[in-house]
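Q: Okay, here's what each chain looks like letter by letter:
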Amino acid sequence: MASAQSRAARLRSAAFTYANLAPFIFFALFPFYFMFVTSFKSNAELYNLKAVPFWIQSGVIADHYTFLFRKTDFLVWVRNSLLISVVATGVSIVLSILAGYSLARLRFRGAGSFGTAVFITYLVPPTLLFLPLSQVVSWLGLSDSIVALMVTYPTFLVPFCTWLLMGYFRTVPREVEECALVDGATRMQTLVRIVLPMAVPGIICALLFSFTLCWNEFTYALTFISQSANKTAVVGVTADLIRGDIYYWGSLMAGAVLASVPVVIVYVLFLDYYVSGLTAGAVKG
Amino acid sequence: MAVGPQVLEAAGPARAGRLNRLREWWEREEVFGYGLILPALALLVALVAFPFGMAIYFSLSDYWVGSPGGFVGLANYREILGNEMFRQTVQNSFVFTGVALSLKIVLGVWLAVLLARPLRFKRLIRGAVLLPFVIPTALSTLGWWWMFDSLYSVVNWTAIRLGLMTPPGPNWLGQPTNAMIAVIVVNVWRGLPFFAITTLAGLIAVPREYYEAAEVDGAGARQRFWLITLPLLKPVLAVVILFSTIFTFSDFNIVYVLTRGGPMNTTHLFATLAYQVGLNGGNLGQGAAIALFIFPLLGAVVFFQLRYIRKD
Numbered sequence: 001m002a003s004a005q006s007r008a009a010r011l012r013s014a015a016f017t018y019a020n021l022a023p024f025i026f027f028a029l030f031p032f033y034f035m036f037v038t039s040f041k042s043n044a045e046l047y048n049l050k051a052v053p054f055w056i057q058s059g060v061i062a063d064h065y066t067f068l069f070r071k072t073d074f075l076v077w078v079r080n081s082l083l084i085s086v087v088a089t090g091v092s093i094v095l096s097i098l099a100g101y102s103l104a105r106l107r108f109r110g111a112g113s114f115g116t117a118v119f120i121t122y123l124v125p126p127t128l129l130f131l132p133l134s135q136v137v138s139w140l141g142l143s144d145s146i147v148a149l150m151v152t153y154p155t156f157l158v159p160f161c162t163w164l165l166m167g168y169f170r171t172v173p174r175e176v177e178e179c180a181l182v183d184g185a186t187r188m189q190t191l192v193r194i195v196l197p198m199a200v201p202g203i204i205c206a207l208l209f210s211f212t213l214c215w216n217e218f219t220y221a222l223t224f225i226s227q228s229a230n231k232t233a234v235v236g237v238t239a240d241l242i243r244g245d246i247y248y249w250g251s252l253m254a255g256a257v258l259a260s261v262p263v264v265i266v267y268v269l270f271l272d273y274y275v276s277g278l279t280a281g282a283v284k285g
Numbered sequence: 001m002a003v004g005p006q007v008l009e010a011a012g013p014a015r016a017g018r019l020n021r022l023r024e025w026w027e028r029e030e031v032f033g034y035g036l037i038l039p040a041l042a043l044l045v046a047l048v049a050f051p052f053g054m055a056i057y058f059s060l061s062d063y064w065v066g067s068p069g070g071f072v073g074l075a076n077y078r079e080i081l082g083n084e085m086f087r088q089t090v091q092n093s094f095v096f097t098g099v100a101l102s103l104k105i106v107l108g109v110w111l112a113v114l115l116a117r118p119l120r121f122k123r124l125i126r127g128a129v130l131l132p133f134v135i136p137t138a139l140s141t142l143g144w145w146w147m148f149d150s151l152y153s154v155v156n157w158t159a160i161r162l163g164l165m166t167p168p169g170p171n172w173l174g175q176p177t178n179a180m181i182a183v184i185v186v187n188v189w190r191g192l193p194f195f196a197i198t199t200l201a202g203l204i205a206v207p208r209e210y211y212e213a214a215e216v217d218g219a220g221a222r223q224r225f226w227l228i229t230l231p232l233l234k235p236v237l238a239v240v241i242l243f244s245t246i247f248t249f250s251d252f253n254i255v256y257v258l259t260r261g262g263p264m265n266t267t268h269l270f271a272t273l274a275y276q277v278g279l280n281g282g283n284l285g286q287g288a289a290i291a292l293f294i295f296p297l298l299g300a301v302v303f304f305q306l307r308y309i310r311k312d
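The listed protein sequences correspond, in order, to chains A and B.
Sequential numbering of the first sequence, starting at 1, is according to the numbering used here.
Sequential numbering of the second sequence, starting at 1, is according to the numbering used here.
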């Protein structure tokens, strides 16, 4: 008999929690719901001030989506985004594994200062450097090419991933490494065969964040690319779908929804890694 | 040239020995350590440190897109500081950062406290709350742009139906104060999950015994929050706040998509103004100088972060 009173108290406390959480959840999700609904509405309904905006009354239509595929470079933008994200993520992960392991485990003069330097670059916002970088990109002959983004994205991915991975490498027990070295493995073999398998969760985390950061990046992609065929999905939708007339909201929302899909898929599949990476990146940093 | 034949001669039997020596050298801890960090370091020097130096040089020169000009000293800074648009931007940046950050701190801690309570569908709720942080900001801001449309705003539609506004309701993006509110709302919407989830991690780490002991001593929920939760959260909160300060202050995406800095420059931040002056206007020197105004705050944040880490 835990007594009816304590059960009532528990119920009241739960009701309080959910009632207070509800506005936050509504605030977080409503914009997405509204974008989704808008993308399936006919223009007649979208621009009818008398219609209720929250749902679709006069039929679900896919016209805005077919418009994207037939009349715009949407698929090219998605392909560009995928290429850039995969290459930039791949390069950054390799560099970060090497640097992260070195800084977390090896003793050499200046290791501490290098660690600090990586941390400082991690805090440098891209908006501080986009003007000079646009010049560097043009000197390298990469203006208006997706290679420009593959080269520049690692500048913010490497500090982040290195920092994240350092935390994971520190959790690998030193004895395991020392055993391998004593057994005659080279340092590189020890890193690849012993340490890396033990840091797999960290590597997945780093991959995940890198991919999302690349896919979502806006400032550099907007600044370094001007030709429509070389744009990324995010910039293409934001910059190229707005036409002269005002009746573009349907296709604009359709583009925003579709261009978010890859990130949402990755997110749903790896939610727990996401949360742990977010907290590790910030809190341990 | 004279070295050529000697090298060829030595290549025979000595080769294995040299290779071994090279291998031994590579196995030395400090050599291996430097070797592994070299690629990342080269990248960061070439594409972060060097551009940073360039930014400083640009800001001190008369540099336009396509025509590198000469050194002009502090002329760019002098011109910027005398510019009404720039002064407006400074004011906007502090209002924007101050208000958005305060809201994120208060709402974020409150949301974290709620999320730390026993919940059904815990994973689902956390997943939903974190979503605005994951979706590309530029794209979700397009959704907000539509929600703040001057004619079809769903916010106004609802408020008018509920009798909270007189038709047609506020013009969100066309009037200075409203536009600033809109930009702040979107920034809070997007940054809140980061605050809440990281604070939640800090909350979960607080040992339960503390609360139990406090409860035994007769402390109410409010006292427990102010006397136990908040002090123990301080380290986590400090880091999150410092992070958020720099990334709110240097925000670009939301303002660029939602208002382009308008109306009448009342929502411009340093980054969007630098973009407008440096790229749209082609005046890279002044653009770089404007962007560099983000630096003092970055320096302060780095200073506090490093002090905090050393203490840790």
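FYI, nobody ran anything at the bench for these hints, they're computed from the structure.
Every residue, glycine too, gets a C-beta built ideally from N, C-alpha and C.
There could be a bad hint or two in this list.
Stated by the list, open to error - Selected chain A positions facing chain B (Cβ under 7 Å, derived; list incomplete):
(1) Ile56
(2) Val60
(3) Thr127
(4) Leu128
(5) Phe218
(6) Trp249
As the list claims (entries may be wrong) - If we take Cβ atoms under 8 Å as the criterion, some of the chain A residues that face chain B in the derived model are:
(7) Phe40
(8) Leu129
(9) Val192
Q: Are tryptophan 249 of chain A and chain B close enough, Cβ to Cβ, to be under 7 Å, as the hint says?
A: holds, 6 Å
Q: Do the numbers back the hint for valine 60 of chain A, that is, is its least Cβ distance to chain B under 7 Å?
A: It is violated, given that the least Cβ distance between valine 60 of chain A and chain B is near 18 Å, above 7 Å.
Q: Can isoleucine 56 of chain A be said to touch chain B, with a Cβ gap under 7 Å?
A: Result: violated, 14 Å to nearest chain B Cβ.
Q: Against chain B, with CB atoms and a cut of 8 Å, does the hint on leucine 129 of chain A hold up?
A: holds, 5 Å
Q: Quick check on the hint: threonine 127 of chain A CB to chain B CB, less than 7 Å?
A: holds, 4 Å
Q: Should the interface hint for phenylalanine 218 of chain A be scored as holding, given a Cβ-Cβ cut-off of 7 Å against chain B?
A: Interface hint status for phenylalanine 218 of chain A: holds (4 Å vs cutoff 7 Å).
Q: Next item in the hint list is leucine 128 of chain A. Is there a CB on chain B closer than 7 Å to its CB?
A: holds, 5 Å
Q: Given valine 192 of chain A as an interface hint, is its Cβ closer than 8 Å to any Cβ of chain B?
A: violated, 12 Å
Q: Going by Cβ atoms only, is phenylalanine 40 of chain A closer than 8 Å to chain B?
A: violated, 14 Å
In this structure, the earlier hints numbered 1, 2, 7, 9 are contradicted, and the remaining ones agree with it.
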